[in-house]
Amino acid sequence: MTTSPTRAVSRFVAVAVIAPAAITAVAMGLQLAAAPSLPDPVAIHWGAAGTADGWGPAWLTLLMTVAVGLGVPWLMAATAVVGLRRGDRGPVYRLLAALAVATSAFLGTLSTGSVLIQRGIAAAEDAPSILPVLVLAGFIAVGAGLGGWFVQPDERPTRAARTATMDPPLGATERAVWVRSVRLAKGGFLVLGAALLLLVVVSALAIAASDDAAVIATLIVVVLVLIALIAMTAVFRVRVDAAGLAVTSAIGFPRVRIPVDEIDRVEVVEVSPMGEYGGWGLRWAPGGGFGVVLRSGPGIRVHRTGGKVFTVTVDDAETGAALLSAECERTERER
Amino acid sequence: MLIRTDPTSDVPLFAQIAASVRADAVARRLRPGDRLPSAREVAAALDVNLHTVLHAYQLLRDEGLVSMHRGRGAVVTEAADRLAELQDDIAGVVARARARGLSRQALAALIHHASDPEESP
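Protein chains in written order, with the numbering used here: chain U, 1 to 335; chain X, 1001 to 1121.
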């Protein structure tokens, strides 16, 4: 199978940018065409039982269709397109585009359906149940998501894992240590910072709207915990010595220690945080194992004896991996 | 950065540690502004006395390669970049010496002699 280098990008744009725009345009067209036969105001909210319980002008539904049905998918696309253009690949990008088009299809169907079922009725109080529309929107969203997933090529980052060796080799009586610190990349800070800002804004709005002390306390705790988590995972120190690999946060926790006798083999890999791990920080990727992923570029990947995999992105990974391999070989020889 | 020591070598351990740090600067594994790991961490990893590592760090400070800051430890100075400019020359002379069958010890002695003929062994 031959895929041109930009096919993943063009298909991603088609699924996550163009398709939501087309879906939203169709939804807007249908809603505008139905406008003359709608009651005023229209029902804009339905209760859990499926009966209408909130009213508003028809343009509100239209606004929501554009703001959420197009805004959210485009926001999702915006977080990924930079990495993709740089040549980054991975199933996470594919999933993101599929989710973007599914979101758009769901909201487009739901909002348009909610308008169309109100055609010809005298007052919004007579609006029929929203439940059939909800079910239809669910099916269309799943279909759009699956379609979006399968039209994109399954491109994986070219994983040129290589082993590293020391030059000159580690002597039998030699003792060595390799230490390096790594900090969160600017891109990671931006994404985490934006997520934090969004949470703070949403929390502030929720707190302003709520007078429930428990809700306010919970939101404040969530924001503080998130800030603490970002601070804890922004800088790590990586150390390789005769004991093995140690990866420790600048503030001492969290830490990962892998003794040499639990290491099967060591590789130097090129890591793409978005494509492989879906983001930055302490990460777990299906098939990729656990990772301390703070930036794109070289990293040390350790295959443990139990089959588990651990990856840490770090500058000069070549030297660290070489020493770790040498220490493992020495342990094996002594056994 | 990578520090290599050999307890069986005739060279004192503190000098080996200092030489490793210099080699890191030459190879650009250490850049100005980088922080050396704490002496305690290095001592534990290499299984040497804490004062041996401190001795090495003090030697490097006297050379101007690192500066000591209270609370921040040893920080690499701009001198690391000047040291790194020697990388090509050093790699070149090592390769040419190896091609001519010169041993590492002989090459080291020659460089020692060239830089300080009076104290040459």
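By construction, these hints were calculated from the structure, which means they are not laboratory data.
You may find that some hints are simply not true.
[Stated by the list, open to error] To be clear about the criterion: a stretch of chain X counts as covered by chain U if any three or more of its residues have a C-beta under 8 Å from a C-beta of chain U, and this derived list gives those stretches: (1) 1006 to 1013; (2) 1045 to 1054.
[Stated by the list, open to error] Sample of chain X residues at the chain U side, in silico, Cβ under 8 Å: (3) M1001; (4) L1002; (5) V1026; (6) R1029; (7) P1037; (8) E1041; (9) L1086.
All values reported here derive from a predicted model rather than from experimental measurement.
Ideal Cβ positions, reconstructed from N, Cα and C, are used throughout, including at glycine.
Checklist entry - Once the shortest beta carbon distance from R1029/X to chain U is found, is it less than 8 Å? => result With a minimum Cβ separation of about 6 Å from chain U (threshold 8 Å), the hint on R1029/X holds.
Next on the checklist: Does V1026/X hold up as a contact with chain U if the rule is Cβ-Cβ below 8 Å?
Outcome noted: 14 Å, violated
Checklist entry - Taking the closest Cβ pair, is L1002/X under 8 Å from chain U? => result Constraint on L1002/X satisfied, holds at 5 Å.
Next on the checklist: Take the shortest C-beta to C-beta distance between L1086/X and chain U; is it under 8 Å?
Outcome noted: Hint violated; L1086/X Cβ to chain U Cβ min 19 Å, cut 8 Å.
Item to check | Verdict on chain U covering the region 1006 to 1013 of chain X, criterion of 3 CB contacts below 8 Å | outcome: holds (count 3)
Checklist entry - Per the CB criterion, is M1001/X less than 8 Å away from chain U? => result 6 Å, holds
Item to check | chain U contact restraint on E1041/X - CB to CB distance below 8 Å | outcome: 7 Å, holds
Next on the checklist: Is the coverage entry for the region 1045 to 1054 of chain X by chain U consistent with the three-residue Cβ rule at 8 Å?
Outcome noted: holds (count 4)
Checklist entry - Given P1037/X as an interface hint, is the shortest Cβ-Cβ distance to chain U below 8 Å? => result 4 Å, holds
In the structure shown, a violation is registered for the earlier hints numbered 5 and 9, in ascending order.
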